[in-house]
Each structure stands twice: as structure tokens, then as C-alpha cells.
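Student: The lines below spell out each chain.
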Amino acid sequence: MNLGLGILANAFLITLLSSVSFGILGTLVVVRRISSAAGAISHSVLGGIGIGLFCERALGIPWSGPLPGAILAALVSALGISWVSLRFQQREDTVIGGIWAVGMAIGLLFLSKTPGYADPMSYLFGNILLVSDTDLFLTVFLDMAVLGVVAPFYREILALCFDESFAKVRNIKTEILSLCMLLLVALATVAMLRLVGLILVIALLTLPAAIACVFPMKLWKAMIVAGVLCLLLSWAGIIASYFLDLPTGSSIAVLAGAVYLVTIGFKARAGRA
Amino acid sequence: MGHEAVCLEGVNFAYASWPVLEEVSLLVARGEYVCILGPNGGGKTTLLKIILGLTMPQSGRVSLLGQRPEQARMRAGYMPQAIQSDLQVPVTLKEVVLMGRLGGGGGWRYSRSDLKKAEEVLAFLGLEPMKDRFFGELSGGQRQRTLLARALACDPEVLLLDEPTANVDPEGGKLLAEFLAELKGKIALLLVTHDLSFVSKHVDRVFCVNRRVVEHPTSELDSLSLHDLYNEPMRLVRHDLVLGNEER
Numbered sequence: 001m002n003l004g005l006g007i008l009a010n011a012f013l014i015t016l017l018s019s020v021s022f023g024i025l026g027t028l029v030v031v032r033r034i035s036s037a038a039g040a041i042s043h044s045v046l047g048g049i050g051i052g053l054f055c056e057r058a059l060g061i062p063w064s065g066p067l068p069g070a071i072l073a074a075l076v077s078a079l080g081i082s083w084v085s086l087r088f089q090q091r092e093d094t095v096i097g098g099i100w101a102v103g104m105a106i107g108l109l110f111l112s113k114t115p116g117y118a119d120p121m122s123y124l125f126g127n128i129l130l131v132s133d134t135d136l137f138l139t140v141f142l143d144m145a146v147l148g149v150v151a152p153f154y155r156e157i158l159a160l161c162f163d164e165s166f167a168k169v170r171n172i173k174t175e176i177l178s179l180c181m182l183l184l185v186a187l188a189t190v191a192m193l194r195l196v197g198l199i200l201v202i203a204l205l206t207l208p209a210a211i212a213c214v215f216p217m218k219l220w221k222a223m224i225v226a227g228v229l230c231l232l233l234s235w236a237g238i239i240a241s242y243f244l245d246l247p248t249g250s251s252i253a254v255l256a257g258a259v260y261l262v263t264i265g266f267k268a269r270a271g272r273a
Numbered sequence: 001m002g003h004e005a006v007c008l009e010g011v012n013f014a015y016a017s018w019p020v021l022e023e024v025s026l027l028v029a030r031g032e033y034v035c036i037l038g039p040n041g042g043g044k045t046t047l048l049k050i051i052l053g054l055t056m057p058q059s060g061r062v063s064l065l066g067q068r069p070e071q072a073r074m075r076a077g078y079m080p081q082a083i084q085s086d087l088q089v090p091v092t093l094k095e096v097v098l099m100g101r102l103g104g105g106g107g108w109r110y111s112r113s114d115l116k117k118a119e120e121v122l123a124f125l126g127l128e129p130m131k132d133r134f135f136g137e138l139s140g141g142q143r144q145r146t147l148l149a150r151a152l153a154c155d156p157e158v159l160l161l162d163e164p165t166a167n168v169d170p171e172g173g174k175l176l177a178e179f180l181a182e183l184k185g186k187i188a189l190l191l192v193t194h195d196l197s198f199v200s201k202h203v204d205r206v207f208c209v210n211r212r213v214v215e216h217p218t219s220e221l222d223s224l225s226l227h228d229l230y231n232e233p234m235r236l237v238r239h240d241l242v243l244g245n246e247e248r
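First to last, the sequence lines map onto chains A and B.
Take the first sequence: its position 132, counting from 1, is numbered 132 in this note's numbering, and each next residue is one higher.
Take the second sequence: its position 94, counting from 1, is numbered 94 in this note's numbering, and each next residue is one higher.
Mixed in with the good hints there might be a few duds.
[What the hints assert, rightly or not] Straight-line Cα separation of at most 30 angstroms, BS3-like style, residue types lysine-lysine; simulated pairs:
1) K131/B with K94/B
2) K218/A with K131/B
3) K221/A with K131/B
[As the list claims (entries may be wrong)] Computed footprint of chain B on chain A; a stretch qualifies when at least three of its residues, placed anywhere within it, have a C-beta under 8 angstroms from a C-beta of chain B:
4) 96 to 109
5) 151 to 157
[Unchecked claim] For the chain A half of the interface with chain B, some residues (derived, Cβ under 8 angstroms), not all of them:
6) F162
7) K168
8) V169
9) N171
10) I172
11) I176
12) C180
Since the hints were derived computationally from the structure, they do not count as laboratory data.
All C-beta atoms in this analysis are idealised placements derived from N, C-alpha and C, irrespective of residue type, glycine included.
Take these sequences, add in the hints, and give me the full structure.
Tutor: Listed below in C-alpha cells is the structure:
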């Protein structure tokens with residue numbers, strides 16, 4: 001299906017749609033301190049892209065391709081990280097690093113054996129020209145999934161972030177909630193893959209939330225503020241990249257990083273004054 | 001329904017190959033106030049986690065309020081160590097207390113009776129004036145009282161407390177001890193601490209845990225048994241005298 005929108009309109013629309021889930025998920029990733037797990041998931045997506053492209057072009061499997069591969073890889077690594085953190089807590093950090101690097105390596109190996117032109121750069125850093133209607137639909141689905149999990153279980157998720165043992169004593173299914181969060185993060189990575197790329201998606205996920213969390217406010221307020229910031233930063237980045245002829249994903253990431261630094265700088269000065 | 005609040009029989013727990021608890025048997029009756037003393041790393045926190053079904057022992061039988069821990073733990077109040085909670089999580093004092101009402105079903109709002117229960121507990125512990133402050137902004141004593149409030153919001157039949165006076169100034173510790181004394185007899189209290197000053201006249205029985213659990217009648221908690229527990233000479237502070245002074 002083709003909505004027939006222009007490249008810029010597509011980019012503006014996908015950031016508008018994704019800022020809903022990125023505000024919510026980003027805040028949870030920051031508060032729950034799972035940025036490195038999110039990073040590992042997003043990077044391992046390259047493995048899925050490589051395998052997906054290889055299966056499509058070299059083996060001629062028609063339903064395969066970069067997107068199904070990316071979704072599958074993201075979900076598999078989210079499941080893997082959850083399983084490891086349940087079973088081998090002490091090694092969680094190491095395994096996250098392993099999934100991160102090995103996932104990317106698998107991707108590059110398969111891409112190197114894929115016939116035809118396959119540019120890893122556009123997957124790593126995004127390419128505004130590649131944003132398609134499929135990505136828009138995926139983002140709408142992501143928003144619904146995020147709202148469908150976080151809204152009914154907001155109180156339980158807050159309790160889980162604050163004190164997991166107590167949440168367990170209240171018979172909250174903490175493992176399932178944690179897994180859902182990671183699976184949603186995995187989907188979010190894939191949804192924004194084309195625009196900002198799998199390396200930079202972490203910036204868009206965590207930095208707006210980190211900026212919001214500099215100021216004391218309730219979790220749901222932080223989610224809204226992070227969502228609005230995500231939207232403003234992405235639009236500013238898209239506009240800047242358009243007029244200055246820069247890569248979009250990198251513009252957004254650098255802008256978000258700069259705003260974060262300025263914010264904590266101001267906060268520190270206000271604290272001393 | 002039996003009359004025991006907590007019952008452990010021959011419980012063994014090892015972390016990897018490091019034994020933490022050995023052949024632990026423990027019986028706490030309903031309404032009893034029991035103190036479990038022991039050095040850091042002696043297995044106190046593990047003991048509480050086993051009672052709550054958060055940690056599975058390698059062998060032995062555990063029951064809470066006559067049932068399996070997972071079935072009964074909603075009827076228990078758990079006050080973990082404050083350091084276990086994440087101070088960076090933006091959560092207000094009242095939101096923390098309301099967490100004690102979780103587990104009753106879905107929905108994004110607390111019911112009117114949940115809110116009422118929380119208000120009651122906040123008033124009981126004198127936390128009402130600061131209920132909208134963020135947990136991370138509170139003092140050590142206020143944090144501990146908040147966690148006690150959360151445990152009480154569960155409407156517990158048994159209250160399990162882990163080092164309630166850690167990071168609390170003496171004044172705050174005394175306050176906490178007074179609140180617990182008020183609960184005595186209404187619910188079972190099982191308090192784990194390395195703070196000997198907590199063993200007040202209110203405590204019915206004292207157990208000492210250092211891998212093994214040994215019961216000490218409070219009158220016999222003398223320098224000799226403390227020596228066993230801490231493996232070095234300890235001086236016993238006679239708290240009965242101090243308390244006697246306060247009462248005058």
C-alpha cells in the first residue's frame with residue numbers, strides 16, 4: 001500500500017507517530033536502567049537484516065527480507081536477554097555485550113555473501129529516503145501495543161521499577177512485565193530503523209526521557225514530556241538536515257545529545273546557586 | 001487455619017557452593033514479636049526472602065500462615081532494606097505506600113478502599129504532611145517509615161522487616177520501634193537486624209542467625225551467645241535499664 005506522501009511528510013509523520021511509544025518506552029528504559037539491553041537489541045537487528053536479505057536474494061525466499069529479519073532478530077534478542085537475566089543474573093552484563101557484537105557480526109557476514117547491492121550504512125545510521133508506508137503501519141501497531149501494555153499495568157510497572165522484590169511479594173508477574181518491556185523496545189527499534197538507523201535509535205529512545213527525568217515529576221508526566229521532546233527534537237533534526245544537507249538520523253542524535261548536556265548543565269548551575 | 005505465622009523446617013540454602021543457611025528450623029506464632037539477630041552476611045535477608053518465596057531453598061519445608069509462601073505472601077507485609085529500592089525512580093511517598101495495595105486486579109486506578117487504606121496508614125505513621133514528596137528526597141528515617149507504611153498498607157497478618165533501622169538516626173529508630181510496639185499482639189512481627197538496641201522489652205523471642213539459627217530466650221542473651229554469633233568478644237548493652245529510665 002502506498003499513501004503517496006512525500007519523503008519529508010513521511011519523515012514528519014513517522015516521528016509524530018513514534019514519539020508516543022518512544023516517550024513511554026524511553027522513560028521506562030531510563031528509569032529501569034536497561035539502556036544497554038535496549039542497545040544490544042537494536043544492534044543485533046543488523047543480524048536479522050543480513051539473514052533476511054540473504055534469504056531473500058540468495059535463496060529466493062519470497063516472504064523474507066530486511067524487515068521480517070529485523071523484527072525476528074529484535075524479538076529473539078529481547079527473549080534471549082530476558083532469559084539470561086532470569087537465569088544467570090551475574091552474567092547479564094557480559095551477555096548483553098555479546099549479543100550486541102555477535103548480532104552485528106552475523107549481519108555483516110550475511111550481507112557480504114548477499115548478491116547485489118546491500119549498504120549496511122543505511123541500516124546503521126538510517127536514511128530518510130527509505131522511510132516507507134510499511135514503517136508507518138509498523139509504528140501505528142507499536143503505539144497500540146505500547147499503550148495496550150503500559151496503560152493497564154502502569155501501577156505494576158511503577159512498582160517493578162521501584163522495587164522488584166516487593167512487586168513479586170504482591171504477586172505481580174514481574175518477569176512477564178519485564179519481558180514485555182523488552183519486546184516493545186525491540187519493536188520500537190525496528191519501527192524507527194529507516195529514519196535514524198539501528199545505532200542512533202538508542203539516542204532517540206533514551207535522550208528525550210533522560211532530559212525529562214532531570215526534573216522531578218511523576219513517571220506518567222515524564223513519559224508525556226519525553227514524548228513531546230522526542231517529537232520536537234526529531235522535527236528540529238529533520239528540518240536542520242534538510243536545510244544543511246546533513247544525514248537526518250545523526251542530526252537528530254547530536255541535537256538530542258546537545259539538549260541533554262545543556263539541560264544537566266543548567267540543572268547543576270541551578271543546584272549550586 | 002493453624003496458629004503459626006511462619007514455619008521453617010530443616011531449610012538449607014547455598015549460594016553456588018557457599019552455604020548461607022544450614023538446617024534452619026523456626027516457628028513464629030501469630031501475634032508474636034520475634035527478633036532475628038545476626039552479623040552482615042549471616043543469611044538474614046536470605047531467610048526473609050525464603051519465607052516470602054522470593055528465594056527457593058535447596059531443601060526443607062517453608063510455610064507462611066499455614067500455606068505455601070507464594071499462596072500466602074499477599075497476606076504478609078514486607079519491609080525490605082531501603083537500599084533495595086531505586087531512588088532515581090520518580091515516585092512519590094503516597095505512590096510507594098499505595099504499592100502495598102497492588103495485586104488485587106487490573107486497572108490503572110486504585111479503588112476508593114485502597115486510597116482510604118493508604119490514607120489511614122499515612123496518618124498512623126505521621127507521613128500525611130509529606131505524602132506528595134518524592135521518595136528520593138526523603139531522609140533515611142522518612143524512607144524507612146514510608147516502607148513500613150507500604151508494608152502496613154497490605155493489611156498484613158504477619159510483618160517481615162529487614163534492617164528497619166539501617167541509615168536511620170537514633171531518634172528515627174526509636175520512633176520506628178514505638179510504631180512496631182503498637183502493632184504487637186495484633187499481627188506477627190518478624191524483624192531481622194544487626195542492631196542490638198532493637199531487642200527491647202517488647203520482643204518475645206530472639207533468634208540468632210549465622211548460617212544456623214539458634215533461639216535465645218531474651219534473658220539469656222548474654223555476652224557468651226553474642227560471642228558465638230559474631231565470633232569476637234562483644235559487650236552486652238543492658239537495654240532494659242535504658243528503657244526503664246525512659247519510662248519514668
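Student: Now tell me, hint by hint, if it's right for this structure.
Tutor: So, going through the hints one by one against the coordinates:
The straight-line distance between the Cα atoms of K131/B and K94/B is roughly 5 angstroms, inside the 30 angstroms bound, and the hint therefore holds. For the proposed pair K218/A and K131/B, the alpha carbon gap of about 13 angstroms is at most 30 angstroms, so the pair holds. The suggested pairing of K221/A with K131/B holds, with an alpha-carbon distance near 18 angstroms, which does not exceed 30 angstroms. Look at the segment 96 to 109 of chain A against chain B: 0 of its residues bring a Cβ nearer than 8 angstroms to a Cβ of that chain, fewer than three, so the hint is violated.
Given as covered by chain B, the segment 151 to 157 of chain A passes the check, having 6 residues with a CB less than 8 angstroms from a CB of that chain where 3 are the minimum. Taken as an interface hint, F162/A checks out: its beta carbon lies about 5 angstroms from the nearest beta carbon of chain B, inside 8 angstroms. With its C-beta approaching chain B no nearer than about 6 angstroms, K168/A sits inside the 8 angstroms limit, and its interface hint holds. For V169/A, the shortest C-beta to C-beta distance to chain B is roughly 5 angstroms, which falls under 8 angstroms, so the interface hint holds.
Nearest Cβ of chain B to the Cβ of N171/A: about 5 angstroms, under the 8 angstroms cut. The hint holds. Evaluation of the I172/A hint against chain B yields a held restraint, the C-beta minimum of about 6 angstroms falling below 8 angstroms. At its closest, the beta carbon of I176/A sits 13 angstroms from a beta carbon of chain B; the interface hint therefore is violated under the 8 angstroms criterion. Interface restraint check: C180/A against chain B, minimum CB-CB distance 14 angstroms, threshold 8 angstroms, status violated.
The structure does not agree with the numbered hints 4, 11 and 12 stated previously, though it agrees with the rest.
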